[in-house]
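K.L.:
Here's the letter readout for the chains.
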Amino acid sequence: MRIGTLKTDYAADEALFDTRLQKLLILLACAAAVLFPFVASPYWLFLACLCAINVASATGLNILTGYTGLVSLGQAAFMSVGAYAVAVLEIHAGTPFLLNLLIGGLLTALVGIGVGIPSLRVKGLYLAIATIAASVVLHFVFAHWPLTGGMQGLSMPPARLFGLALDQPFQLYWLILPVTGLMVLGAANLFRTRVGRAFIAIRDRDISAEVLGIPLLRYKLMSFAVSSFYAGLAGGLWAYFFRVVTPESFPLVNSIFYLAAIIVGGMGTILGGILGAVFMTMVPELLKFVAGLVTPFYPDALALLAPVRTIVFGALIVGFLIFEPHGLAEIWRRIRRFFHLWPFRT
Amino acid sequence: MTDWLFLTEVFLAGLGSGALYAVTGVAFVLIYKATRVVNLAIGEILMLGGYAFFGAAAGWHLPAWVALPVAILAGALVGAVVERGLIRPMLGESPISVFMVTIGLGSILAGFVQIVWGADPLRLPEFLPSAPIFIGEAYVAPKVAYGFLAAMVVVTAFVLGLRFSRGGVALKATAADQAAAYSVGIDVPRVFSLSWIVACGVAAGAGVLVGAIGGISPTMGVFGLSVLVVVIVGGLDSMAGALVGGLFIGVVEAFAGTFLGGEYRFLVTFSILILILMVRPYGLFGTHEIERL
Amino acid sequence: MRGPPVTEAARDVILDVEGVSLAFGGVRALTDVSFSVRRGSITAVIGPNGAGKTSLFNTISGFYRPRSGNIAFDGRSLAGTAPPERARLGLARTFQNIALFRGMTVLDNIKLGRHAHMRTGLLDALVYRGRARREELELRAEIEERIIDFLEIQHIRNAPVATLPYGLRKRVELARALVMRPRLLMLDEPVAGMNREETEDMARFILDVKEEWDVTILMVEHDMGMVMDISDHVVVLNFGQVIAEGGPAAVQADPAVVAAYLGAGDLGRRLSGPEAA
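Protein chains in written order, with the numbering used here: chain A, 1 to 346; chain B, 1001 to 1293; chain C, 2001 to 2277.
Among these hints, one or two may not hold up.
Covered stretches of chain A, going by a simulated chain C footprint (3 or more residues, C-beta under 8 Å) [said to hold, decoys possible]:
#1 9-18
#2 191-204
#3 213-220
With a straight-line Cα cutoff of 20 Å, these simulated SDA-like cross-link-like pairs (lysine to any residue) come out [what the hints assert, rightly or not]:
#4 Lys7/A x Glu2142/C
#5 Lys123/A x Leu1275/B
#6 Lys7/A x Arg2140/C
#7 Lys7/A x Arg2133/C
#8 Lys123/A x Met1278/B
#9 Lys7/A x Gln2154/C
#10 Lys123/A x Arg1280/B
#11 Lys123/A x Thr1287/B
#12 Lys288/A x Phe1112/B
Just so you know, the hints here were simulated from the structure itself, not pulled from any lab data. Glycine residues also receive a C-beta, built at the ideal position from the N, C-alpha and C atoms.
Excised from the complex, chain A in its bound form (with noise of 0.2 Å):
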């Protein structure tokens, strides 16, 4: 039941967390988090891993579609760029790991930057096309030019603090949660001020954001940028996590997966960028167990593994449009107004 929030100042009424077990409970989580790391094997570290780095380019993809209402397939081109831009950094120039991330974050944003400058003339779905079109334009350069190994594609060695390789998930772990937290976290401040209401404004109803003052090429092309640094420094980690960059590793079908992700998440919430990026990343993982789990009866369950997890990935686009637009942020939600009210009826 929810007693007990009164706020005596505008400051508490604005917080993040606005009741006593909210922080409680992110308390415990970023204790969990930290302990984790020590109890699970290596496969769940590993998991652990992709989902944060799934995260972070989620809630990217998040401020630029489901915030700002700007549908874009470019996302997992996007990470291409920060991923290729950290991976000739460390082999060529041999810069520290977090300064390579950076770069390659700001590089993807001025790419974002300009994909997104049609954005005033092409609205809607032919801008979504629009992004398919740079992705196929980026896969191309990527795949051509000597710079990024063309189509072999790059093997880079890993990043190093003090000298020490942070080549094993348990290391890169304290490098990905952390990077993850402080994005989700500015992404999360982002819509306490005004720049957050600009996009929603825009996605809206963008006459009347002109009209209210927001100039909308600026936003727009601002609403890119956060969105494609955000996917670029996805894509940074992704490298130093993989170490192995190809113009396959980040194909049109991964722009997809982020955007089903957010829909199945939940469009337009932050929590809804969470849950829908660990929610598809976990699928695989679900069905791989399952196909484990069949085997003995069915021995060719794991070659349908690929053609299964295909149809489950449409499945839940086109489950959760029709039957949950909002995305499991709104059934979390629903489940905690019931608790606001136990034990009372609602």
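Got chain A; can you put chains B and C on it based on the hints?
P.N.:
What follows is chains B and C alone, placed relative to chain A:
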């Protein structure tokens, strides 16, 4: 000394593939005109047609002249089911959501085909006459030529039918204003269903032709991306545009593929897309959408 | 570009519309429309449906570029000024069909009105602690104390606007327009679709705004009772042209106005009484 013969052959080959783009584009436009849905799964429905033909001809050993209608019917059936089950519930939702539904649909179809028939590319049983065809001195692959003929017949039928038949008028009325069409007695839900049924049937038929030329595989759906470029160039709601756009893109791709290399095909196509979006986003023949303040 | 105002009377005018003509292809929406809005007044624009009132508002807002003529706000010409810039200069507006942002709460919608006058940038926003937080809290305090109390919407401040009834939504839109620190507030049919009680509430709010906030009001309205009650000055449009201008009583009796609303035939003459004959 330019080899005109060679250029002509490339051009004709381009027209051939362009006709297939055109007929698939016409199917796309039909769906868009009637229901305002950008159906990105058109490539996967095309693929389904190819596989249905394979299943009927190679699997059930039906003769080609039976397998072809079976494939078309399979496509039509899928169209009916999709329209009723996936598109109807999304009536009133944002066009982006519906667009995403078609993307999900595409995934489902691709996965289904892979489960039933495996991931490897397959060849369709031969059913077209294989005598080489010459236009003047230029050689045209027979499959391409027959594909061209079939596609052009269908496209012409559509363009004429749209103009002169009652169904065409009903379609145009629904496209212009659904409520007004309803109020003059046009059965709008029927227009929706029929348009999806016919369009998917046509796409499936085109899939048989495409499969006959290049074989079938679960990744055939990327054909749909090229068709997307075709309809954007031509105008999302223009059948004439799909025809012109299809032939144009077909020829451009043929030349790009021949002179620049296979990987450049996609790049060139999408560069044209970007250009059109910047210069004339509604395409060559599309209707300009006006935003009401 | 016009020069700065020189005469006493000119300084008195906050909005000067001069010879504005607007056409969409063959449709002439506005033809040589001229009128002035005096600072601190409530000016109403009335006219039958299709007279061009919303087109006029859209032109003043900056969405349509007039084919000819000039609009001057506070002495400076608005030609070439984009809508976001006009908002910054102090031109606020509500919409006929309510243009609230459905994805946000009432409070967020209202806060958005202050956008043009805030200084939080992207980096500030991502970090939040520091400048962004300070600006947000200041804004919140100001909105609560000046606007939410004033418009009596305390009980819905955290409600998503999509759940609100029509009348409250109009009030929230007014609140958002007020937060813009407007010098000229344009209201497009502020009491459309409201019952008597709601209309009276809204009329009271509008009068309060004029008095307490030092804002000039330009409104389009069909409710003649309300227009005649609270307006200082009335401009009448018909078929895109100004057919009468003046105080409410004068305009009401003007035969051209009567003809426009009631028709120039027998019925019109009979209904409007002996003065119109």
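K.L.:
Against each hint, give a clear statement of whether it holds in the structure.
P.N.:
We went through each hint and held it up to the structure:
no.	hint	in the structure
1	9-18	holds (count 4)
2	191-204	holds (count 11)
3	213-220	holds (count 4)
4	Lys7/A x Glu2142/C	holds, 17 Å
5	Lys123/A x Leu1275/B	holds, 15 Å
6	Lys7/A x Arg2140/C	holds, 14 Å
7	Lys7/A x Arg2133/C	holds, 17 Å
8	Lys123/A x Met1278/B	holds, 11 Å
9	Lys7/A x Gln2154/C	holds, 15 Å
10	Lys123/A x Arg1280/B	holds, 13 Å
11	Lys123/A x Thr1287/B	holds, 15 Å
12	Lys288/A x Phe1112/B	holds, 18 Å
Consistency note: the structure conflicts with none of the earlier hints.
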